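Next come the chains, spelled out residue by residue.
There are 2 protein chains.
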Amino acid sequence: MRSHYCADLVTLEEGSELSIAGWVHRRRDLGGLIFLQIRDRSGIVQVTVEPDQGDVFAAADQLRSEFVVVVKGKLRKRPENMVNKDMATGAIEVVADHIECLNAAETPAILIDGHEEVSEETRLKYRYLDLRRPEMTEKFLFRTKVTSALRRYLDEQGFLDMETPILTKATPEGARDYLVPSRTHKGSFFALPQSPQLFKQLLMMSGFDRYYQVVRCFRDEDLRADRQPEFTQLDIETSFMDEEGIMGLMETMIRKLFSELLSVELPNPFPRMPYSEAMEKYGSDKPDLRVDMPIHTVDDLVKDVDFKVFSGPALDDNGRVGVLNLKGGAANVSRKNIDEYTKFVSVYGAKGLAFIKVNDRAAGLDGLQSPIVKFLSAEAAEAILQRVDAESGDILFFGSDTSKVVADALGALRLKLANEHNLLRDEWQPLWVVDFPMFEEEDGQLQALHHPFTSPKELDPDALKANPTGTLSRAYDMVLNGCEVGGGSIRIHNMDLQQTIFDILGIEPQEAREKFGFLLDALKFGCPPHGGIAFGLDRLVMLMVGASSIRDVITFPKTTTAGCPLTEAPARVSEAQLKELGIAIEQKK
Amino acid sequence: MRSHYCADLVTLEEGSELSIAGWVHRRRDLGGLIFLQIRDRSGIVQVTVEPDQGDVFAAADQLRSEFVVVVKGKLRKRPENMVNKDMATGAIEVVADHIECLNAAETPAILIDGHEEVSEETRLKYRYLDLRRPEMTEKFLFRTKVTSALRRYLDEQGFLDMETPILTKATPEGARDYLVPSRTHKGSFFALPQSPQLFKQLLMMSGFDRYYQVVRCFRDEDLRADRQPEFTQLDIETSFMDEEGIMGLMETMIRKLFSELLSVELPNPFPRMPYSEAMEKYGSDKPDLRVDMPIHTVDDLVKDVDFKVFSGPALDDNGRVGVLNLKGGAANVSRKNIDEYTKFVSVYGAKGLAFIKVNDRAAGLDGLQSPIVKFLSAEAAEAILQRVDAESGDILFFGSDTSKVVADALGALRLKLANEHNLLRDEWQPLWVVDFPMFEEEDGQLQALHHPFTSPKELDPDALKANPTGTLSRAYDMVLNGCEVGGGSIRIHNMDLQQTIFDILGIEPQEAREKFGFLLDALKFGCPPHGGIAFGLDRLVMLMVGASSIRDVITFPKTTTAGCPLTEAPARVSEAQLKELGIAIEQKK
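So the sequences go chain by chain: A and B. Numbering-wise, this note's numbering puts 68 at position 68 of the first sequence, and it's gapless, one number per residue. Numbering-wise, this note's numbering puts 422 at position 422 of the second sequence, and it's gapless, one number per residue.
Misleading hints may appear alongside valid ones.
Label-pair restraints from in silico Cβ distances [unchecked claim]: (1) B:Ser148 - A:Met87: 33 to 39 Å; (2) B:Asp86 - A:Gly158: 52 to 58 Å; (3) A:Leu111 - B:Gly158: 42 to 48 Å; (4) A:Leu141 - B:Gly187: 49 to 55 Å; (5) A:Glu221 - B:Asp222: 32 to 38 Å; (6) A:Ala88 - B:Leu141: 40 to 46 Å.
Among the chain A residues that face chain B by a calculated CB cut under 8 Å, a handful are [as the list claims (entries may be wrong)]: (7) Ala105; (8) Lys139; (9) Thr164; (10) Thr184; (11) Gly207; (12) Asp209; (13) Phe258; (14) Pro570; (15) Glu586.
FYI, nobody ran anything at the bench for these hints, they're computed from the structure. Model, not experiment: these values are computed from the prediction. We treat Cβ as the ideally placed atom computed from N, Cα and C, and that holds for glycine.
Given only the sequences and the hints, what does the whole structure look like? Please build it.
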């Protein structure tokens with residue numbers, strides 16, 4: 001029914017015969033003529049119908065917004081003074097010979113042509129209308145290009161696109177699993193995978209050498225703007241390659257992607273930063289390098305001051321006094337702002353937020369405006385100002401607490417200040433964060449910072465057991481503009497080492513056997529050295545298209561309560577279905 | 001660690017430096033030398049280590065089957081008389097300079113190098129070993145080529161690779177759903193999709209025009225050799241195109257696939273057969289055209305015979321007398337075979353299986369050997385023999401019952417005879433089956449033969465309601481060698497027509513609203529004409545690689561009781577998890 005997509009008509013000669021199929025985006029009647037804007041996935045073109053055109057005019061006259069039509073006609077270049085420079089096809093129009101209406105439309109519940117504010121609930125309920133809006137269509141066309149470019153690169157590099165099960169066993173990522181009751185094994189449940197981690201490792205043990213998959217993963221967590229119950233991962237694993245090899249391949253892939261689709265040249269190589277530096281300087285394991293403003297440490301400068309709030313943490317091994325310098329911010333930060341920031345950092349456990357406005361850098365203590373200046377000697381104040389490169393007009397914020405609270409609070413405040421004061425440079429800042437600790441302590445219990453299959457750098461069991469928290473892992477995260485877009489590691493390929501890690505994590509042999517017995521077995525039968533990475537595809541696309549939520553790049557997303565307003569899933573099911581599965585709904589007491 | 005895959009070494013010059021990484025497939029000690037066969041995903045190559053090689057020899061001497069190694073060395077062409085013609089790399093070998101063992105292996109539970117019979121349970125439990133067997137590795141390498149070729153074609157044709165939800169609402173395919181309890185909406189359940197049917201239609205209504213997806217689908221059915229709880233579909237939908245357009249694109253895709261990967265040229269165009277002809281001539285809606293032997297109808301020839309078993313069905317509008325002629329089979333079919341065939345057809349409801357052996361075609365009734373000949377006149381017998389092209393040495397089998405029983409019984413017997421008597425030609429026989437009835441009657445209730453969104457050919461509501469069983473649909477199935485590999489249709493794009501179909505199916509307005517309200521809504525807002533198809537990817541790959549079960553082309557399949565011997569899924573979960581989901585396991589009474 002169609003000879004061309006609307007956007008492709010610009011390639012045609014004047015007078016070319018053509019047919020297009022799509023929706024009436026807009027209709028205008030002017031000077032006896034009818035102007036139709038016809039929309040398809042590629043874009044919009046204007047169709048002109050003149051009053052002397054009998055049947056064609058009559059057909060056009062019946063059309064309303066979102067009617068589905070096929071238009072046959074001829075291409076006409078618009079005269080210079082009629083060219084619409086805001087439209088990609090603004091230099092041409094179609095003179096209609098024939099118009100067929102294939103379907104009518106009621107007045108759409110969402111304006112396709114326009115910018116009205118519509119609630120997200122309505123957008124999701126009428127998602128098929130929301131997706132027709134050109135700005136949404138474009139995001140999804142872009143998404144298909146991203147997937148396709150990534151696949152092409154991985155295919156070229158000899159990676160095999162292989163599938164792994166969705167109905168499987170609980171995986172070790174640690175989030176809550178979605179469960180599926182089994183009918184044939186009543187009382188037992190499948191878990192939907194949080195990632196194909198163990199299966200991709202098994203594929204390496206099966207000898208497939210290089211694997212990738214664009215794969216759905218599931219986490220039953222409470223949702224935030226960038227979380228969904230189901231999300232898509234670009235999952236990758238390879239054998240016989242170390243972290244240098246894998247990181248090199250992966251950053252080349254991302255560089256090519258940005259170059260091809262956004263004409264953006266990312267740095268080569270990506271910078272790298274140890275986890276410890278990221279935490280100290282940016283208070284985050286995914287620093288956003290589009291803004292400067294590191295967290296300065298001034299422990300050595302304040303440990304002797306007569307101000308316990310500073311000297312206490314400065315003298316404590318687990319404590320820290322950190323400072324952010326908001327350059328030129330003194331004039332733009334009001335008392336009210338400071339109160340708000342104080343409340344903001346309290347969410348991260350900070351008990352207060354000391355500040356210093358540097359009104360006159362040359363005037364010593366007299367040039368500083370702050371409730372805490374009275375506790376500082378002139379020398380200490382001067383040393384701090386030097387440490388943070390303070391100039392007149394700056395404002396300094398202090399975090400003084402455990403190292404963790406200071407990192408969390410000032411790390412978050414740094415991003416908030418950057419946003420509010422427009423300090424985020426319009427640029428792409430990729431980064432590898434490396435040298436992660438193998439374990440972190442939570443409530444006195446060691447946890448794997450990544451997952452328990454990550455290889456430590458220390459391979460000696462005794463050394464590992466003697467100092468687990470001092471051990472670094474062979475993990476690497478790819479960070480882009482403050483978002484973790486990918487994370488991976490070299491995995492353990494030796495059974496004894498895997499057993500040692502389980503021991504350190506306090507996983508009892510029986511539990512290890514039950515949960516991961518098949519992996520321990522597999523490690524005995526000739527497991528190659530291997531490692532990999534997984535990218536959050538939704539998040540990567542979200543960043544690339546500049547969307548504010550992954551919901552804008554997922555065709556049919558769930559709400560924050562994990563429901564679908566369109567299909568009204570989840571839904572009640574029949575008693576008979578439950579009975580067949582051998583389960584019952586618990587009655588509320 | 002690797003310069004080349006093993007199979008690629010044949011491209012190198014004599015003396016080239018190389019390194020390979022893989023598994024010790026086999027080790028032989030001969031005349032003081034050690035011969036290692038090293039295996040990677042590409043194949044196997046021989047590595048030779050000589051006794052005067054000190055460290056290298058010592059390292060080689062430690063190696064056993066399935067040890068993981070990196071070998072560095074030089075390429076050597078084998079002398080003419082040492083060439084192993086059974087090996088793809090049999091004309092070369094690697095002279096090792098350096099051998100590093102990366103991991104040891106216990107004696108594998110499955111022999112990788114060999115052809116011992118292993119139970120399927122063991123193969124699945126140690127799937128990572130099973131998959132290392134070269135014949136299995138090859139199947140999966142082929143599968144990745146199939147997926148990749150299909151994607152490439154669809155990308156070129158402007159189809160967009162888009163994703164649809166896995167946590168969704170019950171879909172209308174009619175098989176049993178897998179359910180997922182919702183934690184945030186207690187007492188409600190998601191269903192895993194049996195296909196993305198409604199979502200792909202919604203994508204058409206969203207204006208994406210051409211969609212495809214390699215997508216996991218789920219059916220909680222009792223399993224057979226070619227069924228799995230989760231399976232993979234190549235799912236396709238397009239707007240503004242009729243069945244001719246879609247079938248043309250799809251058969252071109254399959255032709256290209258076979259040409260590229262198997263060097264097989266399929267017919268252009270694929271033959272087409274109406275459903276009614278397929279059922280009458282082959283007793284199946286997916287006839288296997290690799291064998292001739294149609295079911296002949298002889299109703300007109302036996303309606304007057306004095307043999308109720310024949311004349312009854314022949315005179316009944318719903319009855320039929322059908323005949324299979326097994327050419328040259330008289331000598332090879334014993335009384336015992338016939339008893340077995342009689343039992344075989346009884347499964348399909350046939351009450352008996354009359355036969356005639358044509359011993360001497362020229363001798364009239366005297367030349368025929370059969371318990372039923374005495375009931376036939378010479379004229380009737382002669383007419384039947386003529387109708388079925390009988391010659392001396394043939395044996396005829398009769399089905400005499402309702403048309404359905406005759407089709408089922410003789411359709412199945414036809415394939416059984418073809419298999420047992422080696423009548424299946426070694427060729428590829430694709431076919432479109434078209435002109436399906438829109439509805440079928442089951443227990444007095446009308447059911448959609450495909451699904452209720454399939455467009456009928458008759459669009460007038462009154463005519464449809466007056467004669468639903470006489471209405472054909474716009475559905476088409478692609479059949480290959482007797483397997484349905486794809487099925488699709490033009491969909492309904494008009495709300496009134498959709499409502500009429502629901503009415504005819506006896507779906508109450510409230511039920512229609514609850515289940516498909518969102519679709520009915522969507523049809524009101526400018527739905528384009530659209531249609532599509534879905535291919536069973538596992539089955540297509542199974543056919544192409546000549547596997548006997550889809551389990552051989554799925555990485556980690558389930559057993560026939562829907563369990564995974566490797567991970568031991570499904571598994572028990574904790575009471576706490578169930579409590580969070582608001583469900584309980586029903587106690588057995």
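Status of each hint after checking the structure:
| no. | hint | result |
| --- | --- | --- |
| 1 | B:Ser148 - A:Met87: 33 to 39 Å | holds, 38 Å |
| 2 | B:Asp86 - A:Gly158: 52 to 58 Å | violated, 26 Å |
| 3 | A:Leu111 - B:Gly158: 42 to 48 Å | violated, 28 Å |
| 4 | A:Leu141 - B:Gly187: 49 to 55 Å | violated, 39 Å |
| 5 | A:Glu221 - B:Asp222: 32 to 38 Å | holds, 34 Å |
| 6 | A:Ala88 - B:Leu141: 40 to 46 Å | holds, 43 Å |
| 7 | Ala105 | holds, 3 Å |
| 8 | Lys139 | violated, 12 Å |
| 9 | Thr164 | holds, 6 Å |
| 10 | Thr184 | holds, 5 Å |
| 11 | Gly207 | holds, 5 Å |
| 12 | Asp209 | holds, 5 Å |
| 13 | Phe258 | violated, 20 Å |
| 14 | Pro570 | holds, 4 Å |
| 15 | Glu586 | holds, 5 Å |
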